[in-house]
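Chains A and B supply the protein sequences, listed in that same order.
First residue of the first sequence: 1, per UniProt numbering; consecutive thereafter.
First residue of the second sequence: 1, per UniProt numbering; consecutive thereafter.
Simulated from the structure, these hints should not be mistaken for lab results.
Errors might be hidden in some of the hints.
Calculated pairs, SDA-like style, for lysine to any residue (alpha carbon to alpha carbon, straight line, at most 25 Å) [claimed, not checked]:
{"hint": "1", "chain 1": "B", "residue 1": "247", "chain 2": "B", "residue 2": "321"}
{"hint": "2", "chain 1": "B", "residue 1": "104", "chain 2": "A", "residue 2": "190"}
{"hint": "3", "chain 1": "B", "residue 1": "104", "chain 2": "A", "residue 2": "163"}
{"hint": "4", "chain 1": "B", "residue 1": "212", "chain 2": "B", "residue 2": "91"}
{"hint": "5", "chain 1": "B", "residue 1": "168", "chain 2": "B", "residue 2": "29"}
{"hint": "6", "chain 1": "B", "residue 1": "104", "chain 2": "A", "residue 2": "177"}
{"hint": "7", "chain 1": "B", "residue 1": "104", "chain 2": "A", "residue 2": "183"}
{"hint": "8", "chain 1": "B", "residue 1": "104", "chain 2": "A", "residue 2": "127"}
{"hint": "9", "chain 1": "B", "residue 1": "104", "chain 2": "A", "residue 2": "186"}
{"hint": "10", "chain 1": "B", "residue 1": "182", "chain 2": "B", "residue 2": "321"}
{"hint": "11", "chain 1": "B", "residue 1": "273", "chain 2": "B", "residue 2": "307"}
{"hint": "12", "chain 1": "B", "residue 1": "273", "chain 2": "B", "residue 2": "305"}
{"hint": "13", "chain 1": "B", "residue 1": "104", "chain 2": "A", "residue 2": "164"}
{"hint": "14", "chain 1": "B", "residue 1": "104", "chain 2": "A", "residue 2": "165"}
{"hint": "15", "chain 1": "B", "residue 1": "168", "chain 2": "B", "residue 2": "152"}
{"hint": "16", "chain 1": "B", "residue 1": "212", "chain 2": "B", "residue 2": "24"}
{"hint": "17", "chain 1": "B", "residue 1": "104", "chain 2": "A", "residue 2": "212"}
{"hint": "18", "chain 1": "B", "residue 1": "113", "chain 2": "A", "residue 2": "176"}
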Amino acid sequence: MRSDRTTSAPLGLKIAAALGLLFLHLPILLIFLYAFTTEEKSYQFPPPGYTLQWLSVAWNRPDVWQALGLSVRVASIATAIALVLGTLCAAAVSQTRFFGRETISLLVILPIALPGIITGIALRSAFSVAEIPFSFWTIILGHATFCVVVVYNNAVARFRRVSGSLIEASMDLGADGFQTFRHVILPNIGTALLAGGMLAFALSFDEVIVTTFTAGQQQTLPIWMLEELVRPRQRPVTNVVAMFVVLVTLLPILAAYYLTREGDQVAGGGK
Amino acid sequence: MTTAVLFDKVSRHFGAVRAVDSVDLAIVEGEFFAMLGPSGSGKTTCLRLMAGFEQPTDGHIEIFGETAEGVPPYRRNVNTVFQDYALFPHLSILENVAYGLMVKGVAREERLKAAEAALAMVKLPGYGTRRPGQLSGGQRQRVALARALVNRPRVLLLDEPLGALDLKLREQMQEELKTLQKSLGITFVFVTHDQGEALSMADRIAVFNDGKIQQLGTPEEVYKRPQTRFVADFVGSSNVLSPIFVKRLGYPARYASLRPEALSLGQGTGARKTVTGRLVATNFLGASNRLTIEADEGTRIAAMVPASIAVPEQGSGVTLSFAAEDLHLMDDAA
Numbered sequence: 001m002r003s004d005r006t007t008s009a010p011l012g013l014k015i016a017a018a019l020g021l022l023f024l025h026l027p028i029l030l031i032f033l034y035a036f037t038t039e040e041k042s043y044q045f046p047p048p049g050y051t052l053q054w055l056s057v058a059w060n061r062p063d064v065w066q067a068l069g070l071s072v073r074v075a076s077i078a079t080a081i082a083l084v085l086g087t088l089c090a091a092a093v094s095q096t097r098f099f100g101r102e103t104i105s106l107l108v109i110l111p112i113a114l115p116g117i118i119t120g121i122a123l124r125s126a127f128s129v130a131e132i133p134f135s136f137w138t139i140i141l142g143h144a145t146f147c148v149v150v151v152y153n154n155a156v157a158r159f160r161r162v163s164g165s166l167i168e169a170s171m172d173l174g175a176d177g178f179q180t181f182r183h184v185i186l187p188n189i190g191t192a193l194l195a196g197g198m199l200a201f202a203l204s205f206d207e208v209i210v211t212t213f214t215a216g217q218q219q220t221l222p223i224w225m226l227e228e229l230v231r232p233r234q235r236p237v238t239n240v241v242a243m244f245v246v247l248v249t250l251l252p253i254l255a256a257y258y259l260t261r262e263g264d265q266v267a268g269g270g271k
Numbered sequence: 001m002t003t004a005v006l007f008d009k010v011s012r013h014f015g016a017v018r019a020v021d022s023v024d025l026a027i028v029e030g031e032f033f034a035m036l037g038p039s040g041s042g043k044t045t046c047l048r049l050m051a052g053f054e055q056p057t058d059g060h061i062e063i064f065g066e067t068a069e070g071v072p073p074y075r076r077n078v079n080t081v082f083q084d085y086a087l088f089p090h091l092s093i094l095e096n097v098a099y100g101l102m103v104k105g106v107a108r109e110e111r112l113k114a115a116e117a118a119l120a121m122v123k124l125p126g127y128g129t130r131r132p133g134q135l136s137g138g139q140r141q142r143v144a145l146a147r148a149l150v151n152r153p154r155v156l157l158l159d160e161p162l163g164a165l166d167l168k169l170r171e172q173m174q175e176e177l178k179t180l181q182k183s184l185g186i187t188f189v190f191v192t193h194d195q196g197e198a199l200s201m202a203d204r205i206a207v208f209n210d211g212k213i214q215q216l217g218t219p220e221e222v223y224k225r226p227q228t229r230f231v232a233d234f235v236g237s238s239n240v241l242s243p244i245f246v247k248r249l250g251y252p253a254r255y256a257s258l259r260p261e262a263l264s265l266g267q268g269t270g271a272r273k274t275v276t277g278r279l280v281a282t283n284f285l286g287a288s289n290r291l292t293i294e295a296d297e298g299t300r301i302a303a304m305v306p307a308s309i310a311v312p313e314q315g316s317g318v319t320l321s322f323a324a325e326d327l328h329l330m331d332d333a334a
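Produce the entire structure from the sequences given, and follow the hints as far as they go.
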């Protein structure tokens, strides 16, 4: 007796699954809800009233803008660094054979497997030893360690499908290294890079742990939120910002998901 | 006669492996040159040395009198048709064919026109808007050919281009390639492991084994007068006779090759040499039967006889005869 795929699951299992999903996602909905509450000191359920005023309050708070600006700059530069380094590394690992290739591949992926707190402490001690003052750039370096991994993972899978003979064919037809990169390699790995870049941006944008260890006085948006939670002043502003962060990080991740999926189909159709 | 490609003691070693081992050859402009050999014999590495994807470990290469060592593939007036065709999956067929002209900076209108003409030449007019994934293997092969030829190379390199096609299509393409080569007058260098393909298409054949050229000559020379046991066996599975056996037939004690079709059933008339043995196998091949007899000391000899001649009974004693000059003594050391 084997259950086939259309057999419906037992009621108990269905309820358990629904409860599990609710437990995962209800808190997120609460964040959205409290962004519109009239109560500013504590989170009271149900909210005594609803208002849109926190949107404009958040809009007019200079510290929000400062933190947001810093986060956007950090995420952009870390992503840019990751795009360059991740692509180069993926090209080397997938297109050539050299001693220690597998080891390098593992070492590149390691930062994302390590707990953020380890990366953070390690970087903090390293910066201290090297006497590098904590600044905007140390945050970027910290973020770049895991952003490179994301780009690398996306690019390496696609690079493997750009067969060596395509590159040779391009060279054979008169294209030098740069032309080959522009006309053959980039179009074939472009969507993978875009997806990797967006994931990297999203990761950097809401990163807390590594940032706390590598930042000086600067506050990125997530750090700002953390600080704001302990201060009972205009609390819903934090929720408005949280809502914004959810959108900013969720949209690129969704887009990245669809982009790579589409890329797979295109590449599969070519076979 | 201009020399298109010249190899002077060219070697290419990969670590301890001598993929190409001190090869000398001179390919003449306008000829259809085949490099024949089993896989791993060095023929493809030779082709890659000509294309510029490999650099020689030792020796000297010239392409139309110009030194080729150190010259990257994109600065050689040589184009390649790849074994897996290597069409760009993200470009249309027309863009694929026009690629070489595009990177050379030919104006869009002009290069698309040239690409269209090249597609017409390989009998694929109007296929330009499709993608490589939408074409059959045979069609992709033609596109790869057009993509190379549109650049007007002085030498066209073909790496087992017919390997992936079915028999019928392969025969048709063989003929078309030959016609195309004659009409364009471009030097074709063709790598194959199929001896039939090499024999039917090439003006000259270089037979490769273990990184060395075993024999270089016209198809007829290579087929009828193999110089080594390897060539005799690889090109058309000839009977290779041992020196002792050859000596007993009244020749010098050397290895010799005897083509199955040179043998006929019975004593024959006139001064024909004969071998006798027991019939051990009969294979019906349609137009002919291949009879295998076992002579003394287990030497097996195959003969092709027309299917119209009655086949003797299995196990019976059989006499085969051949003209004295059909036995070809080889250079192999005994």
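Given the hint that residue 168 of chain B pairs with residue 152 of chain B, does the C-alpha gap stay at or below 25 Å?
Measuring from Cα to Cα gives roughly 29 Å; hence the hint is violated.
Do the alpha carbons of residue 104 of chain B and residue 190 of chain A lie within 25 Å of each other, as the hint requires?
Holds, because 24 Å separates the two Cα atoms, which is no more than 25 Å.
Would you check the hint for residue 104 of chain B and residue 165 of chain A, treating anything up to 25 Å between C-alpha atoms as holding?
Answer holds: residue 104 of chain B to residue 165 of chain A is near 20 Å, not above 25 Å.
Proposed proximity, residue 307 of chain B with residue 273 of chain B (alpha carbon, max 25 Å):
holds (23 Å)
Please verify whether residue 168 of chain B and residue 29 of chain B have alpha carbons no more than 25 Å apart.
Not OK: residue 168 of chain B and residue 29 of chain B at ~30 Å, beyond 25 Å, violated.
Are residue 104 of chain B and residue 177 of chain A close enough, with their CA atoms no more than 25 Å apart?
holds (13 Å)
Is residue 104 of chain B close enough to residue 183 of chain A, meaning Cα to Cα at most 25 Å?
holds (13 Å)
Hint consistency between residue 104 of chain B and residue 186 of chain A [alpha-carbon to alpha-carbon, up to 25 Å]:
holds (19 Å)
Taking 25 Å as the top limit, are the C-alpha atoms of residue 212 of chain B and residue 24 of chain B close enough?
holds (9 Å)
Restraint status (C-alpha distance of residue 104 of chain B to residue 127 of chain A at most 25 Å)
violated (49 Å)
Hinted pair, alpha-carbon criterion (25 Å max): residue 104 of chain B, residue 212 of chain A. Please report holds or violated.
violated (53 Å)
25 Å Cα cutoff - pair residue 212 of chain B, residue 91 of chain B:
violated (39 Å)
In summary, the structure is inconsistent with hints 4, 5, 8, 10, 15 and 17 from the numbered list given earlier, while agreeing with the others.
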